[in-house]
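Undergrad: One-letter residues, chain by chain:
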Amino acid sequence: MLTEVLVSLLAGVFLVLALNKYPRVAGVVAFIISLLPFMAVLAWAGTMGITVPSYLKFFTLETSLTYNLGPGVIHLAITPLGWFFLMLLASVFPLTVMFANSFVKRNAGGFYAAMLLTMFGSFGLLLSQDILSFFIFWEIMSWSIFALVLRGHDRRAIVSYLAFGSLSAMLILFGFMMLYYKTNTFLFADMHLTATPLTLAALSLLVAGFAVKGALMPMHAWAPHAYSRSEEPFVAFLSGGLSKLGFFGIILFMYGVVGMSVISSWGTFRGVPWFGYALAVIGAFTAFAGTVLAVMQDDLRKLLAYSSIGQLGYIAIGIGIGTPLAMTGALFQALNHTFFKAVLFLAAGAVFYRTGKWKISELGGLGYKMPFTFLAALFAIFALAAIPITSGFAAKWLLYEAAIQKKFLFVTPIMLIAGVGAFLYAFKILYGVFLGEPRYDVKEAPLSQLIPMWLLVLPLVIFLVIPGWFVDITAPILRGYGMQPIQHTLFSINTGLATYNTLAVIFGMLGGLLVAFILYKWKKQEVVPHIDNYLAGEPPELYEHIGMHASSKYFEPFDEVFGPIFKKGAERGWEIVLSAAEILGTGARKIYTGIVGDYSIYVLLFFIILVGWWLLW
Amino acid sequence: MVMEIVDILEKILILAGMVTLGFAIGMLFNGIARKVSARIQNRVGPPVYQGFIDVFKLFGKKTNISHGWIFDLAALFSVSGIALAFLFLPVAGYSMLSTDGDLFLILYLLAIPALGFALGAGASGNPNAAVGVMRALMSMLAYELPLVMVMVAMMVYYNTTSLANIVAAQANMQWAFFIPIFFIGALVADMALQGMLMEKPFDIPIAPHEIATGPMVEFGGKHLGALMLYKMMGTVVETTLFVDLFLGGGVVLSVAQYGWLAYLVNFAVWFVLILIVFLIAVMIDNVLPRFRIEQALKFYWKYDALIAIFILIWIFAGVKI
Numbered sequence: 001m002l003t004e005v006l007v008s009l010l011a012g013v014f015l016v017l018a019l020n021k022y023p024r025v026a027g028v029v030a031f032i033i034s035l036l037p038f039m040a041v042l043a044w045a046g047t048m049g050i051t052v053p054s055y056l057k058f059f060t061l062e063t064s065l066t067y068n069l070g071p072g073v074i075h076l077a078i079t080p081l082g083w084f085f086l087m088l089l090a091s092v093f094p095l096t097v098m099f100a101n102s103f104v105k106r107n108a109g110g111f112y113a114a115m116l117l118t119m120f121g122s123f124g125l126l127l128s129q130d131i132l133s134f135f136i137f138w139e140i141m142s143w144s145i146f147a148l149v150l151r152g153h154d155r156r157a158i159v160s161y162l163a164f165g166s167l168s169a170m171l172i173l174f175g176f177m178m179l180y181y182k183t184n185t186f187l188f189a190d191m192h193l194t195a196t197p198l199t200l201a202a203l204s205l206l207v208a209g210f211a212v213k214g215a216l217m218p219m220h221a222w223a224p225h226a227y228s229r230s231e232e233p234f235v236a237f238l239s240g241g242l243s244k245l246g247f248f249g250i251i252l253f254m255y256g257v258v259g260m261s262v263i264s265s266w267g268t269f270r271g272v273p274w275f276g277y278a279l280a281v282i283g284a285f286t287a288f289a290g291t292v293l294a295v296m297q298d299d300l301r302k303l304l305a306y307s308s309i310g311q312l313g314y315i316a317i318g319i320g321i322g323t324p325l326a327m328t329g330a331l332f333q334a335l336n337h338t339f340f341k342a343v344l345f346l347a348a349g350a351v352f353y354r355t356g357k358w359k360i361s362e363l364g365g366l367g368y369k370m371p372f373t374f375l376a377a378l379f380a381i382f383a384l385a386a387i388p389i390t391s392g393f394a395a396k397w398l399l400y401e402a403a404i405q406k407k408f409l410f411v412t413p414i415m416l417i418a419g420v421g422a423f424l425y426a427f428k429i430l431y432g433v434f435l436g437e438p439r440y441d442v443k444e445a446p447l448s449q450l451i452p453m454w455l456l457v458l459p460l461v462i463f464l465v466i467p468g469w470f471v472d473i474t475a476p477i478l479r480g481y482g483m484q485p486i487q488h489t490l491f492s493i494n495t496g497l498a499t500y501n502t503l504a505v506i507f508g509m510l511g512g513l514l515v516a517f518i519l520y521k522w523k524k525q526e527v528v529p530h531i532d533n534y535l536a537g538e539p540p541e542l543y544e545h546i547g548m549h550a551s552s553k554y555f556e557p558f559d560e561v562f563g564p565i566f567k568k569g570a571e572r573g574w575e576i577v578l579s580a581a582e583i584l585g586t587g588a589r590k591i592y593t594g595i596v597g598d599y600s601i602y603v604l605l606f607f608i609i610l611v612g613w614w615l616l617w
Numbered sequence: 618m619v620m621e622i623v624d625i626l627e628k629i630l631i632l633a634g635m636v637t638l639g640f641a642i643g644m645l646f647n648g649i650a651r652k653v654s655a656r657i658q659n660r661v662g663p664p665v666y667q668g669f670i671d672v673f674k675l676f677g678k679k680t681n682i683s684h685g686w687i688f689d690l691a692a693l694f695s696v697s698g699i700a701l702a703f704l705f706l707p708v709a710g711y712s713m714l715s716t717d718g719d720l721f722l723i724l725y726l727l728a729i730p731a732l733g734f735a736l737g738a739g740a741s742g743n744p745n746a747a748v749g750v751m752r753a754l755m756s757m758l759a760y761e762l763p764l765v766m767v768m769v770a771m772m773v774y775y776n777t778t779s780l781a782n783i784v785a786a787q788a789n790m791q792w793a794f795f796i797p798i799f800f801i802g803a804l805v806a807d808m809a810l811q812g813m814l815m816e817k818p819f820d821i822p823i824a825p826h827e828i829a830t831g832p833m834v835e836f837g838g839k840h841l842g843a844l845m846l847y848k849m850m851g852t853v854v855e856t857t858l859f860v861d862l863f864l865g866g867g868v869v870l871s872v873a874q875y876g877w878l879a880y881l882v883n884f885a886v887w888f889v890l891i892l893i894v895f896l897i898a899v900m901i902d903n904v905l906p907r908f909r910i911e912q913a914l915k916f917y918w919k920y921d922a923l924i925a926i927f928i929l930i931w932i933f934a935g936v937k938i
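Chains A and B supply the protein sequences, listed in that same order. Residue 617 is where the first sequence ends in our numbering, and the numbering goes up by one at each step. Residue 938 is where the second sequence ends in our numbering, and the numbering goes up by one at each step.
It is worth saying that the hints were derived from the structure and are not from the lab. All values reported here derive from a predicted model rather than from experimental measurement. Wrong hints could be hidden among the right ones.
Short, incomplete list of chain A residues facing chain B, as computed with Cβ under 10 Å [to be verified]:
no., residue
1, Y180
2, A426
3, W469
4, V528
Computed spacing ranges between beta-carbons, pair by pair [claimed, not checked]:
no., chain 1, residue 1, chain 2, residue 2, range
5, A, G573, B, R660, 32 to 42 Å
6, A, A147, B, H826, 34 to 44 Å
7, A, P529, B, I796, 50 to 60 Å
Glycine residues also receive a C-beta, built at the ideal position from the N, C-alpha and C atoms.
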C-alpha cells in the first residue's frame, strides 16, 4: 500500500497541473491528495505504540519496503523519528493547501503541483534508510521549494535560495561521500562508524548542510528573503513544516547514524560533548540574534521570518545538549513551532488577503474587524512568547531545565533574554496589526482561511493540558538512541530539578479569571469609540493630519541601540566570503593563458606530481 | 472521596485567603509609599489606608467607559495573572502551589498580567499608551538580563530551579545574602528590582510628565481599579521574589519544631523584610530623577550585567560537575 501512496502523491502532481485551468477544482483535488500523508501517519501510529480508533485507520501500510532500481536500491522504512516529523509535516500540509484555495489566484495548478511535490520529497526523505534515497528525496524537496520561491518574483530571494540550497546540497553530498568512503555501504543500519577525524569532518559537513534548511546562523541568510517574498500558504508550510527537516537530518545523523558514544569520544566539556556544546552555542546565538533582528523589522513577513530563525535556534540548543530532557524539549519546541508559526503566517496571509498591506506601520485596528483571526493569532503569539497558558511554555521550560541541569551558566541567560525579546516583537505584531486605530473597514477572513488557523491552534491547547502525552509520543525516539524517557505523569513533568504541573497553572488561571470577572461584574459599561475619547468628541476629520497609531518605528530606541550591531551583519559576512572567492577566482583564471606551451607544461607538471606521488607512496 | 473534596475545598479556601492577604498588603504598601514620599518631601501626605480608599472607590463607580472587549481583557488578565504569580511563590516558607512550578514558571507567569495590560492599553488606541507599553517592554528587556543571570547563578549553586527548594536550602538562617558572592548578587538583583517596581530612575513606562502615565492613560473606573490592584499586588510579588531568593523567604523558625508559632513569626518576619525591601526602593525613587530608555538599557546591560557576569564566572569556576 505504501507504493500506492507514493504513486498517488506523484500522480496528484500531474493531475493538478492538468487542472490548471480550473483552480477551484485543482484546489479541491490537491486538498484530497494532501490528506494522504496524514492518513499514512494514522496508519503507522500503531507501530509507534499509539492506539488509534479503527475508524481513523483508512488503510494499512507496511513498515518497510525496498525498491530495486537496477543501479541502486531504495530502502524505505518508518522509524519513530521519521514518524514524529512526518506527523508534524502531514498535519500542517493539508491545512495550508486548504488555505491556498482562496489565497492563491495566479497559476494555481502550478502552485499545488509544486506543493505536492515538496510533500512527496519530504515523505520519502523521512522514510529513507540509505544515503542514496535520502539524497534523492532531499533534492526533490529542495528543488520543488525553489519552484515555489520562484513564484515570488523576487531576485534576491531566488538567488539566495539557489545559492544556499546548492551549498547545502554540496555539503550534504560531500558528507555522504565521506561516509560511503569510510563504510562502503549506503544503508544507515550497516554504518558502524568509529571516532575518526574523517567521521568528524563528515558529520560537521552534514550538520552544516542541514543547518541551511533549519536556518541556523550563519547559514540563515536565505531565509528572511525566501520567507518574506513567497505566498503565505507555502511559507506557512516552509517555516512550520519543512524547516524541521533540517533538524530531522541533524538528529538522524548525530544520534542515529554516528551515535552518542562516538560524539562523546571526541572529547567532552563539562559533561557535554564538544560537538554538541558548539551546536548549543550556535543555537543560543541564533535564538538571540534572530529575536533582536525580528524586533527591528517593519515588514510583517520579515518579522515572522526572523522570529522563525530565532525559535528554531532553541531546537538546536536542545539537540546540542543531548540529554533526554533536552531532546524532549527540542522535539516539543519543534512541534510547537510547527503549529504556532503556521498559524501566524496564515494569519498574516489572511490580513493581506483583506487589506493588501504587509507593512506593520500601515496596518492597524483589525482586532475588532477580524476577531477570529485576531484570537487565533493571539493564541499563537502566546505560544510563541511561551506564556504558560499554551503548550509553548512546556517546551521552553524543558530546554531551560536541561541547560541548568548541565550547568550552562552562560547559555541559559541568553536563552532567557531571547525569550523576553520575543515579548517585544509579539507585542509589535499585536499592536501594529490588530490593535490601535482602526484604519480599514474590512470583513472577517473567509471560512476556508479561518478553519485551517483554528485547527492548527488545537494541538497547542491539547499539549498544554496534557504534556505527558507528548513525552509518551517521543519515548520511542529517545529509547532508540539509548536514552530513558523523562519522569512524567499525564499532567506533570518532573525533571529532578523541579516539577511543572499544568493542572495547577490551568486551575489557578481559571480561578483567577473567575475572581476577576466577579470583581468586574460586566454591567453598566458604556462602549465608547476610542477616537471620541482621544479627540474629546471633536470630529475626527479635523485631525486627519494627526497620526493616532504609533506603530511606525515602534521600537525606535531599540533600533538605535541594537541597529548598528546587528543590521546586515550576516550578509556582510557572506559578502566578504564572496569577494574572497572572487579574488581567488580571478587569480586562478590567470593560469588559462591561451598559450599552448603553457598548457603542455601544466600537463607535464601534473604527470610529474602523479608519478612522484606513486613512487613515494 | 468526601475527605478528598474537603481537603481540596480547604486548600482552595487557604489559597483564596492568601491572595486576599496579598492584595490587602499591596494596598497597604501603596499607602505607606505615599506617606513616606510625603514625609521625605516635607508634606503631611494621605493616610496610610489611602490605597484601600482608592481601590474601593474605583470599583464602586456606577458606569464605566470601555473601548470594546479587547480593552476589557486587560483588567481580567492583569488581576488573574498577578494573583496566579503570587500563588506560585513560597510566602514565609509556606508554599501554596510553589511545589508545582519553579522560577522559570514565575518569570513567565509575571508576563501574563504585563501582556494582558499591554493588550488593553493597545486597544485603547491612545498613542501615549502604545509608547508607554513600548517603554515597559524595553525596560523589561533591560532589567531581566542581570536578574536572570543572578537567578541562573543561584539555580546552579543550589542545583535546583524550584524556588521552594531554594528557600528550603536557606533554612536555619543560611541566607544567600550572607554568602559574599550572593551578597553582590543581591545588590545586582535589587537594582533590577527597582526597574521591576517601576520606581525612579526607572519609571520610564509611566513617566507622568512625558506621556501622561503611559499605558494607564485611557483607563478609568473599574478598569483603573483592576490595574491599580495589579500594580499593588505586583509590588508584593516582586519584593517576595527578592526575599525568597536572598533572604530565605523570611523563615526564621522551623515549622516542624515550633508548629503554629513558627508560622506566625515567619509571616511577621516576611512582612517586615518585604516592607524594608520596598521602602529602600521608595527612598531611591524619591531622590533620583528619571533615566531615558536608552540610558536604562545601557545601565542594566553595561554595569549591572557586568557585575552579574562576574558572579557567573565565579560560580562557573567553583561548581563541580
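Undergrad: Work down the list of hints and note, for each, if the structure agrees.
TA: Hint by hint, here is what the structure shows:
Violation of the interface hint for A:Y180 is found here, the shortest Cβ-Cβ separation to chain B being roughly 38 Å, above the 10 Å cut-off. Taking 10 Å as the C-beta cut-off, the interface hint given for A:A426 holds, the closest approach to chain B being about 8 Å. Evaluation of the A:W469 hint against chain B yields a violated restraint, the C-beta minimum of about 19 Å exceeding 10 Å. The closest approach between the C-beta of A:V528 and any C-beta of chain B is roughly 5 Å, which is under the 10 Å cut-off, so the hint is satisfied.
At about 59 Å, the CB distance of A:G573 to B:R660 disagrees with the hint of 32 to 42 Å. The supplied range of 34 to 44 Å is broken by A:A147 and B:H826, whose beta-carbon atoms lie about 58 Å from each other. Taken as a hint, the range 50 to 60 Å holds for the pair A:P529 and B:I796, whose Cβ atoms sit roughly 57 Å apart.
Violation of the numbered hints given earlier is confined to hints 1, 3, 5 and 6; the remaining hints are satisfied by the structure.
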